[in-house]
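K.L.:
So the chains spell out like this:
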Amino acid sequence: MLQRLSHLLGTEALTSEQIAFILDQAKPFQEFQRHPLKKLATLRGKTVAMAFFESSTRTRISFTTAAARLGADTMALQAESSSLKKGESLLDTVRTLEAMRPDGIVIRHASSGAPDFVARRLEIPVVNAGDGTHEHPTQALLDALTIRDRKGKLEGRNVTILGDILHSRVARSNIHLLSKFGVRITLCGPAMWVPRELERLAANLRVVHRVEEALDGADVVMVLRVQTERIHEPALAPDEYIAGYQLTPARLRLAQPDALVLHPGPIVRGLEIDSAVADGPQSGVLEQVTNGLAIRMALLYHLIGGAAADAPHPAKDRSNASD
Amino acid sequence: MLLIKNGRVIDPASKTDAALDILLDGDRISKTGTDLQASGAEVFDAKGLVVAPGFIDLHCHLREPGQEMSETIETGTQSAARGGFTAVCCMPNTQPVNDNASVTRSIVERAAAAGAVRVWPIGAASMGSRGEALAEISAMKGAGIVAVSDDGKPVATARLMRQVMEYCTPLGLPVIDHCEDPSLFAGGVMREGPQSLKLGLQGIPAQSESICVGRDVEVALLTGARLHIAHMSTVGSLEYVRIAKKTKLCVTCEVTPHHFTLTDEDVCYDSHYKMNPPLASRSDRDALIAGLADGSVDAIATDHAPHHAASKDVEFDRAPFGIIGFETALALGLNELVHTGKLSLMRLVELFTTGPARVLAMERKIAAGEAADLTIFSTDHEWTYRASGSPSKSQNTPFEGRSFRGAPMATIVAGRVAFCRSM
Numbered sequence: 001m002l003q004r005l006s007h008l009l010g011t012e013a014l015t016s017e018q019i020a021f022i023l024d025q026a027k028p029f030q031e032f033q034r035h036p037l038k039k040l041a042t043l044r045g046k047t048v049a050m051a052f053f054e055s056s057t058r059t060r061i062s063f064t065t066a067a068a069r070l071g072a073d074t075m076a077l078q079a080e081s082s083s084l085k086k087g088e089s090l091l092d093t094v095r096t097l098e099a100m101r102p103d104g105i106v107i108r109h110a111s112s113g114a115p116d117f118v119a120r121r122l123e124i125p126v127v128n129a130g131d132g133t134h135e136h137p138t139q140a141l142l143d144a145l146t147i148r149d150r151k152g153k154l155e156g157r158n159v160t161i162l163g164d165i166l167h168s169r170v171a172r173s174n175i176h177l178l179s180k181f182g183v184r185i186t187l188c189g190p191a192m193w194v195p196r197e198l199e200r201l202a203a204n205l206r207v208v209h210r211v212e213e214a215l216d217g218a219d220v221v222m223v224l225r226v227q228t229e230r231i232h233e234p235a236l237a238p239d240e241y242i243a244g245y246q247l248t249p250a251r252l253r254l255a256q257p258d259a260l261v262l263h264p265g266p267i268v269r270g271l272e273i274d275s276a277v278a279d280g281p282q283s284g285v286l287e288q289v290t291n292g293l294a295i296r297m298a299l300l301y302h303l304i305g306g307a308a309a310d311a312p313h314p315a316k317d318r319s320n321a322s323d
Numbered sequence: 001m002l003l004i005k006n007g008r009v010i011d012p013a014s015k016t017d018a019a020l021d022i023l024l025d026g027d028r029i030s031k032t033g034t035d036l037q038a039s040g041a042e043v044f045d046a047k048g049l050v051v052a053p054g055f056i057d058l059h060c061h062l063r064e065p066g067q068e069m070s071e072t073i074e075t076g077t078q079s080a081a082r083g084g085f086t087a088v089c090c091m092p093n094t095q096p097v098n099d100n101a102s103v104t105r106s107i108v109e110r111a112a113a114a115g116a117v118r119v120w121p122i123g124a125a126s127m128g129s130r131g132e133a134l135a136e137i138s139a140m141k142g143a144g145i146v147a148v149s150d151d152g153k154p155v156a157t158a159r160l161m162r163q164v165m166e167y168c169t170p171l172g173l174p175v176i177d178h179c180e181d182p183s184l185f186a187g188g189v190m191r192e193g194p195q196s197l198k199l200g201l202q203g204i205p206a207q208s209e210s211i212c213v214g215r216d217v218e219v220a221l222l223t224g225a226r227l228h229i230a231h232m233s234t235v236g237s238l239e240y241v242r243i244a245k246k247t248k249l250c251v252t253c254e255v256t257p258h259h260f261t262l263t264d265e266d267v268c269y270d271s272h273y274k275m276n277p278p279l280a281s282r283s284d285r286d287a288l289i290a291g292l293a294d295g296s297v298d299a300i301a302t303d304h305a306p307h308h309a310a311s312k313d314v315e316f317d318r319a320p321f322g323i324i325g326f327e328t329a330l331a332l333g334l335n336e337l338v339h340t341g342k343l344s345l346m347r348l349v350e351l352f353t354t355g356p357a358r359v360l361a362m363e364r365k366i367a368a369g370e371a372a373d374l375t376i377f378s379t380d381h382e383w384t385y386r387a388s389g390s391p392s393k394s395q396n397t398p399f400e401g402r403s404f405r406g407a408p409m410a411t412i413v414a415g416r417v418a419f420c421r422s423m
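Going down the list, the protein sequences come from chains A and B.
Per the numbering used here, residue 1 is the first one in the first sequence, and the count goes up by one each step.
Per the numbering used here, residue 1 is the first one in the second sequence, and the count goes up by one each step.
Just chain A, with the same shape it has in the complex (with noise of 0.2 Å):
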């Protein structure tokens, strides 16, 4: 029996079945992305409040998006406007909001466990929408459907997340999620920023410092963006970053011929990723693009929407359509 969600905090949390029923409840919300007229009445009269108290450009859209078609209202905090600046705390804005009788919240914050504190004081769902340097659920899901459309399935798939682990809340939640598919990690980037203790976050989880061992076999290549805002450890100079994780087209030579490359963007082209890469056959950044809306989609008709787990779904049933 599926157990229903309540808030989508991050993907640790969740059963490979959770994961599983929302990964297939948004394949047809991928499909919904290519019709002309993109809007459900699915959420009409539902308000999804939007707390992004840390900037983001291409998740909050896609939230946004997602909800307005699925017919839901938005409501949005500006995170550079917003009363924090004034002094107010977090636990004060996120009970502003939840007065204006929102059904569900969106929240992104610097802060790790930030979206945990919220929903453990409102009453209504939850989402993380990345929080500091612990989790990037919703990241973690679009990525898994992406990889599923590409390469069939996810057990036993070899995938391998380059770059600077430490402070990556896009990698914690994919350990998280691969690992409940029987997926083998690697993990590979500088020594300080991927620890060896790492390896005790997951089963089938092995540390590697050498790209090219990481690379070889690979079915899968995530390359994170280095975060420079987020890095407290002495910063690396960006020519010894190139010189040794850059993902390169020789370097993809070394995984699987058909190897998927994904990264969670934004890209800085020529830091950890090669244009020829990000651009190339093998890449997937724009796919992961169009299957966030499908799986933010998802996410919110399931947590806002309510309805049960083998009711039809809104987006094969077009006369729920509002046109």
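Just so you know, these hints were derived from the structure itself, not from any lab.
Treat the hints with care, since some could be wrong.
Stretches of chain B that chain A covers, calculated by requiring three or more beta carbons in the stretch to come under 8 Å of a beta carbon on chain A [claimed, not checked]: (1) 199-210; (2) 309-319.
Residues on chain B that point at chain A, a partial pick, calculated with CB under 8 Å [said to hold, decoys possible]: (3) P194; (4) Y269; (5) A287.
What follows is a list of derived Cβ distance ranges for each label pair [stated by the list, open to error]: (6) T247(B) / R200(A): 35 to 41 Å; (7) R282(B) / L2(A): 43 to 49 Å; (8) R253(A) / E218(B): 31 to 37 Å; (9) K342(B) / R253(A): 57 to 63 Å; (10) K342(B) / G306(A): 48 to 54 Å; (11) E218(B) / R210(A): 38 to 44 Å.
Glycine is no exception: its CB is placed at the ideal position from the N, C-alpha and C atoms.
Starting from the structure of chain A, add chain B where the hints point.
P.N.:
Chain B in isolation, oriented as in the chain A frame:
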């Protein structure tokens, strides 16, 4: 006069563990013995209870002057009395910092007027605890400080530590250090390890503490001064203290109840699990318990650190460090150390009495002529801790709702009953 009858007297100084009566006259112990009678004396029946010398807490924050929203000398000492403490040493990181005699005097006067238990202030080691010039240590000594510390942060450099130690030695004051290496601490919010990696919280390596303990032990070797390591939390620090004790240095240390009870595995995004030093690993915790048992650790100190709810009810990384601790200290000691068979009851009492007294070069015993400071507790009274029932102004505790066996039943300070638990 107050006659305490039928109690089980545990007095570590004389290694006494016997059924004895104690007669208090004014603020002094008048006599001890069996079947004592005193006409006109008020009688406290301590049948089934332990009667111990008054507990001393070497490390607390009473927040007055300057942060009275979180605690005052009045409310903090009332909470201390409920925890069985008859004397508490308050750290100097108030606003203003207790770095001169006028602040010390104001604390002493306030404690005399409103304190439920004795308050022994600790003075800052450096002016404003800024790690530059020495504080007015000699004048503060005249006003009543019992030690110096820049608690909240370490004494900034080895050179300053040397000067503070040299200056304090003829004054007879121990130097208490909050040991951490700022460059390794680096904005961390919990102990570095598998749990910090999972939670995505900036980790503080154990060596942040032990490097500083190592430095301090070296400077103690240079100066021969009395050094006390505050809230020690790692096995590495403990090893430095053991080496120092073997070389006959006057180096002592304290461990908090939360560090012998909880570990970093307990940390979640609830800021009641955020304290400095952070909750350590399981192996550190087990080593601390071994140190408490074998005498390497001298005292249990609470590091009672009240913070009002609004300041703690925030994102984990933005919350201040610290938890309250007076009222759970003895119960945690009994439940985690004595009832589990890891420490004898005598040893636990020592860690609350003669141990901390020795750090301050004082004595603590039950004998005629001694101060009438006594802690009376039960080893089997069952109760559930609720911070809302505390006189403290703050409720920042990870032990809310925890059930205990054993509790302070009465606290007697200078012959007066400062606290008595209603049964």
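K.L.:
Is the interface hint for Y269(B) satisfied, with its Cβ closer than 8 Å to some Cβ of chain A?
P.N.:
Where the cut-off is 8 Å and the nearest Cβ of chain A is about 3 Å from Y269(B), the hint holds.
K.L.:
Kindly confirm whether 31 to 37 Å is satisfied by the beta carbon distance between R253(A) and E218(B).
P.N.:
55 Å, violated
K.L.:
Is the hint on P194(B) kept, meaning its closest Cβ partner in chain A is under 8 Å away?
P.N.:
Given a least distance of 4 Å, the restraint on P194(B) holds.
K.L.:
In terms of beta carbon proximity below 8 Å, does the region 309-319 of chain B have 3 or more residues touching chain A?
P.N.:
holds (count 7)
K.L.:
State, for the Cβ atoms of K342(B) and R253(A), whether the hinted interval 57 to 63 Å holds or is violated.
P.N.:
60 Å, holds
K.L.:
Measuring from the C-beta of A287(B) to each C-beta in chain A, is the shortest one below 8 Å?
P.N.:
Violated, about 20 Å.
K.L.:
Just to make sure I understand the rule, a stretch counts as covered if three or more of its residues have a C-beta closer than 8 Å to a C-beta of the chain. Does the region 199-210 of chain B meet that for chain A?
P.N.:
Holds, because 4 residues of the region 199-210 of chain B bring their Cβ atoms closer than 8 Å to Cβ atoms of chain A.
K.L.:
Does the Cβ distance between T247(B) and R200(A) fall inside 35 to 41 Å?
P.N.:
38 Å, holds
K.L.:
Taking 38 to 44 Å as the hint, is the beta-carbon distance of E218(B) and R210(A) inside that range?
P.N.:
Because 40 Å falls inside the window, the suggested range holds.
K.L.:
Do the beta carbons of R282(B) and L2(A) sit within 43 to 49 Å of each other?
P.N.:
Once the Cβ atoms are compared, 36 Å apart, the range 43 to 49 Å for L2(A) and R282(B) is violated.
K.L.:
Is the gap between the beta carbons of K342(B) and G306(A) within 48 to 54 Å?
P.N.:
The hint (48 to 54 Å, Cβ to Cβ) holds, given that K342(B) and G306(A) are roughly 52 Å apart.
Hints 5, 7 and 8, counting from the list given before, are not met by this structure.
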